[in-house]
Amino acid sequence: MRAFLKELTRSQVWRSIFRHGLPLSNRTRAEAVFYNFFLHLHPTKVRKRSIKYTYTWGLGGLSAGLFIVLVLTGALLMLYYRPSVQQAYNDMKDLQFVVSSGQFLRNMHRWGAHAMVAIVFLHMMRVFYTGSYRPPKEFNWVVGVVLFVISILLSYTGYLLPWDQLAYWGISVGTNMVRAVPFGIGENISFVLLGGHAVGENALVRFYVLHCFILPVSAVLFMGIHFWRVRKDGGV
Amino acid sequence: MRSLFFVCILCALFVVGCKGTRPQPEEETRQSVRVPDSTIQPAVALPGKTSSYEERQGAFLYGKYCAVCHGQEGKGDGFNAFNLDPRPRDFSDSASMKRLSDGQIIQTISGGGRSVNKSPLMPSYGWTLSRQQILYLADFVRSRSTDF
Amino acid sequence: MNTLRKVFAAVAVLFLIVLAVSPLKDFLREWKRYQVKYNTLTADLPQRVKPVEIGIRQIWVEKLDRVDRCVTCHVGLKEPALKNAPEPYRTHPQMFHDTEEFGCTICHEGQGAATEYMESIGKGKYWDRPILPRAFMEASCAKCHKEQEVPGAPVLNLGRKLIRESNCLGCHKIEGYVKQWVPVLNGVGSKVNRAWLVNWLKNPAGYAPKTRMPDFMLSNDETNTLADFLLSFKEFPAPLDPIPARLASATEAAKAKLVELGSTRFREARCISCHPINGKGGYVATDLGKIASKADPRWLYNYIKNPKRFQPGVPMPRYRFSEDELLGIVAYMQSEFVDYDMEQPPAHTPDPGFFEKGRALFNKYSCGGCHELGGIGRAEVMAPELTSIGGKKLYEIDFGKSKIDQTLPSYLTTKLLQPREFSSSMKMPKFGFSDEQATAIAVALLGNDDEKIPDELLVRPAPSAAFVPQGGFGKLVDDLACFGCHVMNGRGRLVATDLSLEASQAQRSWIEGYFKIPYSLRPVLTERMPNLFLQGPEIKTLVDFMETSFIADSLDRDVPSDPVTIANGRGLYFERYGCQGCHQIGTKGGYVGPPLDKAGTRLKRGWIFHWLKNPQSLKPGTIEPNNNLPDAEAEAITAYLMTLK
Amino acid sequence: MDDSHELKSSFSRRHFLELIGLGAIGVTAAGSIVLSGEYLSPNVVKEAPMRFKIGSPETFPPGSVTLDKDHKVFIVRAKEGYFYALSAVCTHLGCIANWKADDGIVACPCHGSKFDREGRVIDGPAPRPLQRFSMSLDDLGQLVVDRSVVVGEETVLKV
Amino acid sequence: MTADFRLEKNSDAKKVPRRLAFIKGRTAARVKKSDEEMVMTVPHLVVREAIAFMVMVIVLATLSLVFNAPLEWVANPGHTPNPAKAPWYFLGLQELLHYFPPVVAGVVLPTLVVLALVAIPYFQVNVKLEGLWKENRRVTLLALVGGASVLAIVLLAYKVYAMLVPTVFVLGCMLLPYFLRRETGVIAWLGRRPLTWWIMTWFVIIVLVLTAIGILFRGPEWSWTWPWKEIY
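Protein chains in written order, with my numbering: chain A, 4 to 239; chain B, 60 to 207; chain C, 394 to 1038; chain D, 2 to 160; chain E, 6 to 237.
Hint data in this document are derived by calculation from the structure and do not stem from the laboratory.
Here are some, though not all, of the chain C residues that point toward chain E, as calculated from beta-carbon distances under 8 Å:
| no. | residue |
| --- | --- |
| 1 | V400 |
| 2 | F401 |
| 3 | V404 |
| 4 | A405 |
| 5 | L407 |
| 6 | F408 |
| 7 | V411 |
| 8 | L412 |
| 9 | V414 |
| 10 | S415 |
| 11 | K418 |
| 12 | Y519 |
| 13 | D521 |
| 14 | K786 |
| 15 | E789 |
Model, not experiment: these values are computed from the prediction. Glycine included, each C-beta is placed from N, C-alpha and C at the ideal position.
Here chain A stands alone, though its shape is the one from the complex:
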């Protein structure tokens, strides 16, 4: 068994995939950070002080983690969901009653989405109170604000999709706030957003596309910038 593992880890195929050995010595550990796509966001070494949980409370990392959970559960949910007025609600019922683990995934997605809004807000507060937005990280703060807005919009657009009373009227109330923008601009924004004058089939499809494609892609883009900046400005 051990001989086999040894052979395996030394084979050309294995080494073409993993360019570093098992991270058991400082050399291989550093290599892991260099060569691993997921780890290379981190420096090879970090300050001992900054890895304490109480230093940042890990809120940024948790937001990213939640985003991953939401993407995974969301992708699975999309397989059983059809964004149409006739079907959306029935599909939710199917998820609840007949799909294996369907209710669990939906719960994860729903509660995760709420948690995301809260945690991103807390992250922002942490950054403010620790003064971590000061130069040269001013712009990264701005990116963070954009990400905060995106995560609220993600949660908001997802709110309509179950097509129940809660969703329908929650969105109706929300979009009516947009109408308050003066000079007819609000009317137009709301018209374009809903694809009509009231929440209906068009609105559902639009929110679906926003929720499943446009907003997540923008979020990933801004998260890339955000992480890159953190790293460049000397963060973990």
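Given chain A's structure and the hints, the job is docking chains B, C, D and E onto it.
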């Protein structure tokens, strides 16, 4: 890997079972089975609400087509019975009803008395009533004799 | 670092455990236990029952866009061996509709998608169509069956009839119903006396047990004001003729003679076919048991003389009474139908503003919705429309402080029985329905659903025929109010015969004779044809029209009348088909059907032939069986019957 | 699972803990994949039922072949009056075959397979005769076809 | 700029790989000290991240196992529930709409908030992190009381007690160190807070209070309802 996974599931079951975070399945079953009828019954009680759909259909058809001769209770004493010779059958007479098979009853209703070599005074309803209606009637007629 | 390792290991194991609970929860779903139990239950049965394969089962009804998973637990719906098994395994009753074709929730309601008990019966928190209690099941028939009489749904039919007869239309808008005739109140001040009116308003059923007038639960003040208001309308649209002075000045002996004549005519005219006397008799018209204590004799005299002059549209015939006969009937009523126990209301001085206040009350209770009075129509604020009441969501219902079951059926039933249960400010009157009647009406209302049913599944009502007979016949039909009891070409109320094919059925001479002296073919019935005392020319007009209009050439048929055929027919009548079981000839035979004594002079041969071939095609719902006779046999029996003169 | 150099050192407590931690994560990951597989395979599908009613026998005149499009099945009534149900799905590549009344054959539009009214292959690439499904009469005298039960060529329903 | 950045001459790749410059002076506090103790990212940071992630998933999964995501009646455009509430994170905004004209509450205020958030790092005043009362105590007091009075008048005019009470509370906390000078303890700590800190704290408290009111205390017709009263 899979067997290990299921071992872990079992562990999880044990842990969860101890903590009681899940509603006890056994209890739930008993509750849901035992929900008394009254919760889904109206405030108003209908007479004969316990009778099944088939019985009500049978009773309705019997009342319309049969009772004039065979009597409301099936005792062969309808208001028209006294004009008939032989008298209509008494369905509450379990001794004679026992000798009749379901098939014979259905045949008599469908084909009339003549089709079972009995009095032609019993008309045939095979072309008037549907097969389904005749089945309801046969069941209803059968239910007139109690100790079958 | 070591602590970190411990934490890491512990958290990872917890991570694994928590994530493993979710499939476990799935694995222990409620329905699975039902299926396992089904298999153990059926394994013990003497009959061989196929065990169910564990898994969610469903009926998908594409045309109704429904998915019903009830069959996941109700696995034995089609298994005859489980006829007496406990729920959820009991066999489903054999129905006209197959469960696999229509699913479950289209009739039973509840949540078809659900696989848990509480959710599936719709008692979960967020389902607006909970399962229909068994007593209300027939409401679901009405989703597709929009026809007048739904086969196999007596409760629904009763409910619809009650809605029509109780004139719910007076206050509510309900599509598919038409308003019934109700007395017009113009001139009511000269028709009735105050004592009666006050008693009537307070408790209509106390005066006439079969009345359709509901109890508005008026207070004493309201009753008095309303009575004052109504009594102020003394003018009739047409002037009342005075009662000939003879009645007042007549001697006792002459009076007795008049009463005698009136009593005879009252019987001959068969008034009780329509009018009950103290609750006994017909149900179509007003109770006459205490009429003398209610109506002014002058009004009675005028009304019987020409009912439509004072009550346009009333389904009462204008009898061809002579003046003596009219006087006699009024005198007879005056002497016979008195309410000696009538309570005299206490003396009362009208409120100076009684007219305005009374008018307001009249409006408040929407009296104008049913009764016409000086052009005052329906109240402006109407009661809720009931066209789609069955689709009302639970969260839209205000149960007030009532403690009843929070379901739509119990809401409707309670509302019908105790109209002011949910809020004392409601205006709905009390109709005095029995529990069964209230349930039936609730069933019919629940059937008024907004459910979208595909067109091919709908059973529409027969288009209501707007048959308006013209000419002399039309005038007579109107005058004699034939539509009150007879249906002609789809119009009218079916108390007696449908006359649409009368001339194909009966011979002219017989009809003429029947108009002169009506007799009943079926003595068991209460409702009988009244003697209208028609004149020769009137009868001729009626029969002439029938001969041209109420006839179908397709029912004409020549039938051989040779002795062999007749003998053959006689044999078939008595020996093979046992017709004497129900029909009398001479004094022998049953009296379920009409006697055939003089069939040869009464009926036409074509009619007899076609009737024998298929009775239900000529009179839907008749209990005369279809014997599937070959033409030759039908001809033979016809030939025999035509010899009975 | 280890570098040879590390393996020589004693299997210490901390390695054990690491192994447990990583193992649990591994099991969870693997379990999640299994679960996802479970999630992805639907427990219910909206498809026409395998057992269905097609009406009373009188609606099919003797000698007729009727295609039930919804259920992809030919209801064949022989001249002698008995019934059988043939699958309308061509055994070649699953196209829906048609009944050619003029020639008295079942022909597949895709690759020209031809079958006789018993479902036997006459011509074309079809490898097997058309499947024959079980037929029965229910309590109310309605014909019932069960596509989940395939019967032999000799099985017919006599009414 | 030269004061802010210092080139690292002996750049030791093994110790601090690929770092070219240190930032100093007007920088984040932690950058100032450059010679801290360092640990390897793998495993120290990665394991902690994994633990944090797993704990989060555990909490989330437990929550998901116990509480089902809400699914109410199917949408019915013909019947508005009473009260009709937006998602919880917008309830603060919805609460504002209850008080102010739509343009103010729905457009002006949110826009200002976002702009203010964006502008935070560009405020020079904020960078010094100096206590509110360090210099110009009189002027600060006058400005503070003046500004607060204007705000209070506006809030009173619209009867926005939900905002007025937290505002007065925060103002009180701000003024405490002015009147009660302490060297240690809470009051001293408050005294060291800079202006931006106060503004942000005031904002956060307002958001929390409004959102909490929107979630918990609003019943039919958006009237004040205690959360323990059942809403039909």
